[in-house]
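Protein sequences appear in the order of chains H and S.
With this note's numbering, letter number 139 in the first sequence gets 139, and the count goes up by one each step, no holes.
With this note's numbering, letter number 137 in the second sequence gets 137, and the count goes up by one each step, no holes.
Mixed in with the good hints there might be a few duds.
[Unchecked claim] Computed footprint of chain H on chain S, listed as stretches where at least three residues anywhere in the stretch have a Cβ under 8 Å from a Cβ of chain H: (1) 120-131; (2) 191-205; (3) 216-230.
[Said to hold, decoys possible] Okay, derived cross-link-like pairs now, DSSO-like style, lysine-lysine, Cα gap no bigger than 30 Å in a straight line: (4) 91(H) with 120(S); (5) 221(H) with 162(S); (6) 138(H) with 162(H); (7) 91(S) with 221(H); (8) 208(H) with 221(H); (9) 9(H) with 120(H); (10) 120(H) with 162(H); (11) 211(H) with 154(H); (12) 162(H) with 161(S); (13) 138(S) with 161(S); (14) 120(H) with 91(H); (15) 161(S) with 221(H); (16) 221(S) with 120(H); (17) 205(H) with 9(H); (18) 210(H) with 120(H); (19) 211(S) with 138(S); (20) 9(S) with 161(H); (21) 120(S) with 221(H).
If you are wondering where the hints come from, they were derived from the structure by calculation, not from laboratory data.
All C-beta atoms in this analysis are idealised placements derived from N, C-alpha and C, irrespective of residue type, glycine included.
Protein chains: 2
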Amino acid sequence: MSFKVIAAKQASLLDQELMSTMGFSIDQLMELAGLSVAQSIYRVYPPTTTPSNKSSCLVLCGPGNNGGDGLVAARHLKLFGYNNIQIYYPKPTNRPIFTGLVTQLQQFGIEFIDSTQLSKSFSQSNLIIDALFGFSFKPPMRPPFNSIISEMLKWQLEQDKKIIAVDIPSGWDVDLGPTDACPEIANYQPDLLVSLTAPKPCSLKLNKSKKHYLGGRFISKQFAEKWGIDVPEYPGVDQVVQLQ
Amino acid sequence: MSFKVIAAKQASLLDQELMSTMGFSIDQLMELAGLSVAQSIYRVYPPTTTPSNKSSCLVLCGPGNNGGDGLVAARHLKLFGYNNIQIYYPKPTNRPIFTGLVTQLQQFGIEFIDSTQLSKSFSQSNLIIDALFGFSFKPPMRPPFNSIISEMLKWQLEQDKKIIAVDIPSGWDVDLGPTDACPEIANYQPDLLVSLTAPKPCSLKLNKSKKHYLGGRFISKQFAEKWGIDVPEYPGVDQVVQLQ
Chain H
1 MSFKVIAAKQ ASLLDQELMS TMGFSIDQLM ELAGLSVAQS IYRVYPPTTT PSNKSSCLVL
61 CGPGNNGGDG LVAARHLKLF GYNNIQIYYP KPTNRPIFTG LVTQLQQFGI EFIDSTQLSK
121 SFSQSNLIID ALFGFSFKPP MRPPFNSIIS EMLKWQLEQD KKIIAVDIPS GWDVDLGPTD
181 ACPEIANYQP DLLVSLTAPK PCSLKLNKSK KHYLGGRFIS KQFAEKWGID VPEYPGVDQV
241 VQLQ
Chain S
1 MSFKVIAAKQ ASLLDQELMS TMGFSIDQLM ELAGLSVAQS IYRVYPPTTT PSNKSSCLVL
61 CGPGNNGGDG LVAARHLKLF GYNNIQIYYP KPTNRPIFTG LVTQLQQFGI EFIDSTQLSK
121 SFSQSNLIID ALFGFSFKPP MRPPFNSIIS EMLKWQLEQD KKIIAVDIPS GWDVDLGPTD
181 ACPEIANYQP DLLVSLTAPK PCSLKLNKSK KHYLGGRFIS KQFAEKWGID VPEYPGVDQV
241 VQLQ
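Modelling step: build the complete structure from the supplied sequences, incorporating the hints.
Structure (structure tokens):
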């Protein structure tokens with residue numbers, strides 16, 4: 001399926017306009033975005049097909065909205081039957097939506113781990129969700145995130161581990177993909193990329209062997225036309241559509 | 001399918017606890033609730049099966065959260081391919097989530113009608129969504145809502161019109177169903193009832209020939225157990241499950 005992409009500067013402006021002109025709250029957008037991430041994961045890696053039927057997930061959450069999408073996705077994954085979920089959220093953001101998302105997850109009995117538990121969690125997890133950074137990331141990748149990413153990529157070499165990137169593989173330039181400004185991720189290819197609202201130019205750098213879904217089903221045809229982006233036909237009530 | 005119900009007083013307390021202990025914002029809950037209403041409608045009355053393929057919807061929104069669920073549902077219905085949607089929202093609530101929902105709908109090109117357009121809209125609509133009042137309704141039914149309900153029930157006699165009730169058929173007592181305190185709705189039976197979070201006792205008064213779905217997939221098993229309610233198995237990533 002061919003699709004138009006949306007450049008870095010545009011993606012940021014579009015996001016702002018969703019919350020101004022379009023009237024959405026961050027809570028609404030994040031809920032729908034995270035739901036679509038969880039639905040994409042269910043499609044590609046349903047809870048019953050992973051080794052010994054355990055479907056263990058480690059969700060790596062960064063300090064911004066990308067991390068928030070990951071927190072929402074974790075809750076929906078739990079509701080979808082993924083019973084072993086751990087979250088690593090080393091720099092929690094002290095804003096109501098983020099503290100609320102953490103409370104919700106705690107109430108669902110989902111464990112937040114600290115840095116001393118991270119290696120063990122990587123070793124036990126089949127699905128690693130990269131919700132560290134999105135389209136507003138600026139290099140370089142600072143600690144502790146540079147070492148988290150490096151460790152993640154080391155674990156990806158194991159056959160039973162799959163990485164799911166939320167909107168942008170962390171560290172990739174939105175327009176260019178991996179660049180020299182972020183050497184940690186020079187060879188980073190997620191197994192599944194879930195673009196939100198519209199694919200970014202860097203998604204063209206995704207290897208053809210990898211899966212690519214689009215989620216964030218919340219813009220009107222008029223809005224898409226105004227921004228010159230294609231909204232593919234989502235089937236039925238699905239919150240996601242497969243692009244590759 | 002058998003299911004437990006949740007009484008009026010409990011429903012109200014549960015709703016409060018979702019936003020306190022559980023950490024949800026009203027924006028999140030309303031988004032997921034409205035999405036599940038739209039998904040239920042799609043299941044029972046998909047956009048291609050109504051006369052002349054038009055699937056016209058009239059969404060009747062009350063001043064409270066039930067009306068907000070209707071506003072969210074209208075947006076998702078538009079995204080699901082229902083192209084003729086009108087909204088009657090005679091007493092809009094001046095709180096950010098509600099004004100935001102109205103802005104979103106306007107940006108989607110969805111028409112808000114006034115009282116002079118209501119009869120025409122009823123006559124042209126196949127699907128009428130009753131999002132007027134939920135579990136916090138106290139009789140009597142006041143103007144203009146008493147006459148809106150009466151007109152709605154008159155139009156329901158026409159074969160091509162179906163009524164979808166959000167959480168509670170408006171005017172029904174949460175525990176008892178239709179009562180003498182609200183004579184307007186003495187014979188009111190929606191064609192489809194979408195209970196949210198948990199069915200209320202009045203749902204037992206729904207005729208067996210009518211459809212009943214459950215939506216609002218956002219509570220954990222622990223939370224459900226604490227409140228003594230059954231959460232049925234939602235299939236896959238579905239936001240709704242059919243009860244009847």
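Against the structure, the hints come out as follows:
Figure legend: the region 120-131 of chain S, annotated as covered by chain H; annotation inconsistent (0 residues with Cβ-Cβ distances under 8 Å, at least 3 required). Chain H is given as covering the region 191-205 of chain S, and this is violated because 0 residues of the stretch bring a CB closer than 8 Å to a CB of that chain, at least three being needed. Against chain H, the region 216-230 of chain S contributes 5 residues with a C-beta closer than 8 Å to a partner C-beta. That satisfies the three-residue criterion, and the hint holds. Of the supplied pair hints, the one linking residue 91(H) and residue 120(S) is violated, its CA atoms being roughly 55 Å apart against a limit of 30 Å.
Distance hint between residue 221(H) and residue 162(S) is fulfilled; the C-alpha atoms sit about 28 Å from each other, no more than 30 Å. Between residue 138(H) and residue 162(H), the direct Cα distance comes to roughly 25 Å. Compliance with the 30 Å bound is thereby established for this hinted pair. At roughly 29 Å between alpha-carbon atoms, residue 91(S) and residue 221(H) fall within 30 Å of each other, so this suggested pair holds. With a C-alpha separation of about 28 Å, the suggested pair residue 208(H) and residue 221(H) falls inside the 30 Å cut-off, and the hint holds.
Between residue 9(H) and residue 120(H), the direct Cα distance comes to roughly 38 Å. Violation of the 30 Å bound is thereby established for this hinted pair. Taking the CA atoms of residue 120(H) and residue 162(H), the gap is near 16 Å; set against the 30 Å cutoff, the hint holds. Proposed proximity of residue 211(H) and residue 154(H) is supported: the alpha carbons are some 20 Å apart, at most 30 Å. Restraint check for residue 162(H) and residue 161(S): the C-alpha separation of about 49 Å exceeds 30 Å, so the hint is violated.
Among the hinted pairs, residue 138(S) with residue 161(S) is consistent with the structure: their alpha-carbon atoms are about 27 Å apart, no more than 30 Å. Restraint check for residue 120(H) and residue 91(H): satisfied, since their Cα atoms lie roughly 20 Å apart, inside the 30 Å limit. For the hint linking residue 161(S) to residue 221(H), the alpha-carbon distance of about 28 Å falls within 30 Å, and the restraint holds. Using a Cα cut-off of 30 Å, the hinted pair residue 221(S) and residue 120(H) holds, with the two alpha carbons roughly 27 Å apart.
Of the pairs offered as hints, the one joining residue 205(H) and residue 9(H) holds, with about 18 Å between alpha carbons and a cut-off of 30 Å not exceeded. Of the pairs offered as hints, the one joining residue 210(H) and residue 120(H) holds, with about 26 Å between alpha carbons and a cut-off of 30 Å not exceeded. Taken as a hint, the residue 211(S) and residue 138(S) pair is honoured in the structure, with Cα atoms around 25 Å apart against an allowance of 30 Å. Only pairs whose Cα atoms come within 30 Å are accepted, and residue 9(S) paired with residue 161(H) is rejected, the gap being roughly 47 Å.
For the given pair, residue 120(S) sits about 27 Å from residue 221(H) by alpha-carbon distance, which is consistent with the 30 Å threshold.
In terms of the numbered hints stated before, the structure departs from hints 1, 2, 4, 9, 12 and 20, listed from lowest to highest.
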